[in-house]
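J.: Here is how the chains run, residue by residue.
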Amino acid sequence: MKSFEKVLLVMTDETDQSVINTAVAICRKEKSRLYVLFIIDSRRINRLGRKGRQKIDDIYRQAEETGWQLLYLTEDEAVENGVWTSLHFEEGNVTNSVNRYVESYGIDVIMVRRKDDMRRVFTDAPVSVIGL
Amino acid sequence: MLIKISDFLKADAIFMDIKATEKLDVIKELAEKMVAINMVTDRTAFMNALAKRENLESTGIGDGIAIPHARTNAVQNLVLAFARSPEGVDFSAIDGKPSHLIFLIASPEDKKSEYIMALAKLSRLLRKEPIRELLKSAASPNEILNIIKKHEE
Numbered sequence: 001m002k003s004f005e006k007v008l009l010v011m012t013d014e015t016d017q018s019v020i021n022t023a024v025a026i027c028r029k030e031k032s033r034l035y036v037l038f039i040i041d042s043r044r045i046n047r048l049g050r051k052g053r054q055k056i057d058d059i060y061r062q063a064e065e066t067g068w069q070l071l072y073l074t075e076d077e078a079v080e081n082g083v084w085t086s087l088h089f090e091e092g093n094v095t096n097s098v099n100r101y102v103e104s105y106g107i108d109v110i111m112v113r114r115k116d117d118m119r120r121v122f123t124d125a126p127v128s129v130i131g132l
Numbered sequence: 001m002l003i004k005i006s007d008f009l010k011a012d013a014i015f016m017d018i019k020a021t022e023k024l025d026v027i028k029e030l031a032e033k034m035v036a037i038n039m040v041t042d043r044t045a046f047m048n049a050l051a052k053r054e055n056l057e058s059t060g061i062g063d064g065i066a067i068p069h070a071r072t073n074a075v076q077n078l079v080l081a082f083a084r085s086p087e088g089v090d091f092s093a094i095d096g097k098p099s100h101l102i103f104l105i106a107s108p109e110d111k112k113s114e115y116i117m118a119l120a121k122l123s124r125l126l127r128k129e130p131i132r133e134l135l136k137s138a139a140s141p142n143e144i145l146n147i148i149k150k151h152e153e
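Protein chains in written order, with my numbering: chain A, 1 to 132; chain B, 1 to 153.
To be clear, the hints were calculated from the coordinates, so they are not data collected in a lab. Mixed in with the good hints there might be a few duds.
Heads up, simulated DSSO-like pairs for lysine-lysine below, C-alpha to C-alpha not over 27 Å straight-line [said to hold, decoys possible]: (1) K33(B) with K111(B); (2) K97(B) with K6(A); (3) K10(B) with K136(B); (4) K149(B) with K4(B); (5) K150(B) with K4(B); (6) K28(B) with K97(B); (7) K52(B) with K112(B); (8) K52(B) with K6(A); (9) K55(A) with K149(B); (10) K112(B) with K31(A); (11) K150(B) with K55(A); (12) K33(B) with K121(B); (13) K4(B) with K112(B); (14) K55(A) with K128(B); (15) K29(A) with K52(B); (16) K10(B) with K28(B); (17) K6(A) with K115(A); (18) K55(A) with K4(B); (19) K33(B) with K19(B); (20) K136(B) with K33(B); (21) K112(B) with K29(A); (22) K121(B) with K55(A); (23) K52(B) with K31(A); (24) K112(B) with K128(B).
Next comes chain B alone, as it looks inside the complex (with noise of 0.2 Å):
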C-alpha cells in the first residue's frame, strides 16, 4: 500500500498560526477546528484517544515536531491536520526542544496499516532539517502543501 501524506492533508485543515501554548490546548484547538470542517464527528471521543496517547508517550519527536495521533472511530477516514506554533509549544519532545510543526493524525480503529504507514512516511519525511525549514517559513496553506508533494517520495 503506497500512502502520500499530501493525498490526506487538505489546504483547510492546516493552520499557519495557532494560539494555544499548551500541549492538550494546541490538540484542543485542532479538534475543534477539525470538527468545524466535519473531519471528526465526534469531539470528545476524539479528544480522550489523543489524550491518552499522550499519557503514555511523548508525541513530540524531537527537532521542533510533534505528531500527536491516535486510533478512534470518532472520525471515518484516515484524517491529517498541520498547525504551526510560532512560540513553540511543550510536547515533551525527547530533545528537550518546543515543538513549532504540529501534524495531528488520527484514523479509524480498523485501518491501522494506514495509520501506522501515515505516521512512518510523516515522520520520515520530517527528519529532514530542509523541509523543517521550508515548513517554518511557508506563507500560505497551499505553499505548506507543495513542499510536501514535492518532497514526499
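So that you can see chain A by itself, here it is in the shape it has in the complex (with noise of 0.2 Å):
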C-alpha cells in the first residue's frame, strides 16, 4: 500500500476551504504530517497583469495575502485535528516549486486541487498526486 507518511498539499490562491477539510481529513485517518505548500504563480500573475484590469503589484499583494490566509486556515484545521503541519509559501514556477518539495522532505504523496491550473503537477510529479 503507498505510504501517506509525509503528504504535501499544494495550494494556489484558487484553492478553497473544501479542499483543505478533506486534505487534513485524510491525513488525520493516516496519520500522516502536512506540508502545505502555497504557490503564487508569477507567469499566472503576469498574464493577468497584462489584461490590464488590475497592476500586477495589486495582484501580487492580494495573492499572498491570501496564501497567508490559506496556509493558517490549513493549519488551524489541522491543530484542531491532532495533524501535524509545516507551512510553505513560495514564489514562482509551480511545477520546479512542487517537485524541489517533494525530493527536499522526501514527500510520499502530493494533494492538489482538480480545478486548479494544475495539469503539470499531475503529469510531472515525481510521487503519486491526489485530486481533491
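With the hints in hand, could you dock these two chains into one complex?
T.: Have a look at this one:
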C-alpha cells in the first residue's frame, strides 16, 4: 500500500476550504505529516497583469494575503484535528517548486485541487498525486 | 475586515532583548510578561495552547522569524507581543536558522477570522528583508511600532 507518511498539499489562490478539510481529514486518518505549500504562480500573475484590469503589484499583494490566510486556515484546521503541519510560501513556477519540495522533504503523496491550473503537477510530479 | 498589526501591538508588549534561549522558555517568558500587563487572564491555559501548537508544527517561518500563536480563551481580545533575541532561538524553523524576531499572537476561540488575518498580515510584512533588518536594529519599542506602522498597508 502507498505510504502516506508525508503529504504535500499544494495550494494556489483558487484553493478553497473544502480542499483543506479533505486534506486534513485524510492526514488525520492516515496519521500523516502535512506539508502545506502555497505557490504564487508568477506566470499566471503576469498574464493577469498584462490583461490590464489590475496592476501586477496589486495582484501580487492580494495573492500573498490570500496565500498566508489559506496557510493559517489549514494549520488551524490541522491543529484542531491533531495533524502535524509545516507551512511554506513560495513564488515562482509551480511544477519546479513542487518537485523541489518533494525531493527536499521526502514527500510520499501530493494533494492538489483538481480544478486548479495544475495539469503539470499531475503529469510531471515524481510521486503520486491525489486530486481533491 | 481590515486588520492592522499596529492597532494591536502596544509598546508595553514589546521586549527588546529577551534572555531565554529555548523555544518554550521564550514563550514562558513572554507569557509571564503578558500576564503582568493584563493581556492574558489564565497563564496556564495560555501556555498549554501555545505548547500544543508548537508540538504540532514549526512556528519558525524562516528568515529569523518565529510567530508562536494560538486561539485560546486565556485572552479576551486579539493580543500581540514582540520579543527580540540577540542570540537567536531554535524554533525548528523551516530553513533551520535561529529566530531573532519573535511575534506572539493569541486570540479568543471565537475570533478565528481576525486571528487568521493578523497572522497572514504579519507573515506577509515580515517576508520583506528591509523590514526585518529595521526591526533587528531598532533601538526602542516605539521605534518598532513606528516601523510596523510605516510599512504595513
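J.: Next step is simple, just say for each hint if it's right about the structure.
T.: For each hint, the structure was consulted:
Restraint check for K33(B) and K111(B): the C-alpha separation of about 23 Å stays at or below 27 Å, so the hint holds. A C-alpha spacing of about 22 Å is found between K97(B) and K6(A), which places the hinted pair at or below 27 Å, so the restraint holds. For the hint linking K10(B) to K136(B), the alpha-carbon distance of about 18 Å falls within 27 Å, and the restraint holds. Between K149(B) and K4(B) the alpha-carbon distance is near 8 Å, which keeps this suggested pair within the 27 Å criterion.
Our distance criterion of 27 Å between C-alpha atoms is met by K150(B) and K4(B), whose separation comes to about 11 Å. With a C-alpha separation of about 21 Å, the suggested pair K28(B) and K97(B) falls inside the 27 Å cut-off, and the hint holds. As the CA atoms of K52(B) and K112(B) are separated by approximately 17 Å, the hinted pair is consistent with the 27 Å bound. As the CA atoms of K52(B) and K6(A) are separated by approximately 20 Å, the hinted pair is consistent with the 27 Å bound.
Between K55(A) and K149(B) the alpha-carbon distance is near 24 Å, which keeps this suggested pair within the 27 Å criterion. At most 27 Å may separate the alpha-carbon atoms for a hinted pair to count; K112(B) and K31(A) meet this at roughly 25 Å. With a CA separation close to 22 Å, the supplied pair K150(B) and K55(A) stays within the 27 Å bound. Using a Cα cut-off of 27 Å, the hinted pair K33(B) and K121(B) holds, with the two alpha carbons roughly 24 Å apart.
Taking the CA atoms of K4(B) and K112(B), the gap is about 16 Å. The hint holds against a cut of 27 Å. At roughly 20 Å between alpha-carbon atoms, K55(A) and K128(B) fall within 27 Å of each other, so this suggested pair holds. Straight-line distance between C-alpha atoms of K29(A) and K52(B) comes to about 20 Å, which keeps the hinted pair within the 27 Å bound. Restraint check for K10(B) and K28(B): satisfied, since their Cα atoms lie roughly 19 Å apart, inside the 27 Å limit.
At most 27 Å may separate the alpha-carbon atoms for a hinted pair to count; K6(A) and K115(A) meet this at roughly 23 Å. Simply put, K55(A) and K4(B) have alpha-carbon atoms about 23 Å apart, close enough for the 27 Å limit, and the pair holds. Between K33(B) and K19(B) the alpha-carbon distance is near 13 Å, which keeps this suggested pair within the 27 Å criterion. Proposed proximity of K136(B) and K33(B) is supported: the alpha carbons are some 21 Å apart, at most 27 Å.
Of the supplied pair hints, the one linking K112(B) and K29(A) holds, its CA atoms being roughly 25 Å apart against a limit of 27 Å. With a C-alpha separation of about 20 Å, the suggested pairing of K121(B) with K55(A) holds against the 27 Å cut-off. The hinted pair formed by K52(B) and K31(A) meets the criterion: a straight-line CA distance of about 17 Å does not exceed 27 Å. Between K112(B) and K128(B), the direct Cα distance comes to roughly 25 Å. Compliance with the 27 Å bound is thereby established for this hinted pair.
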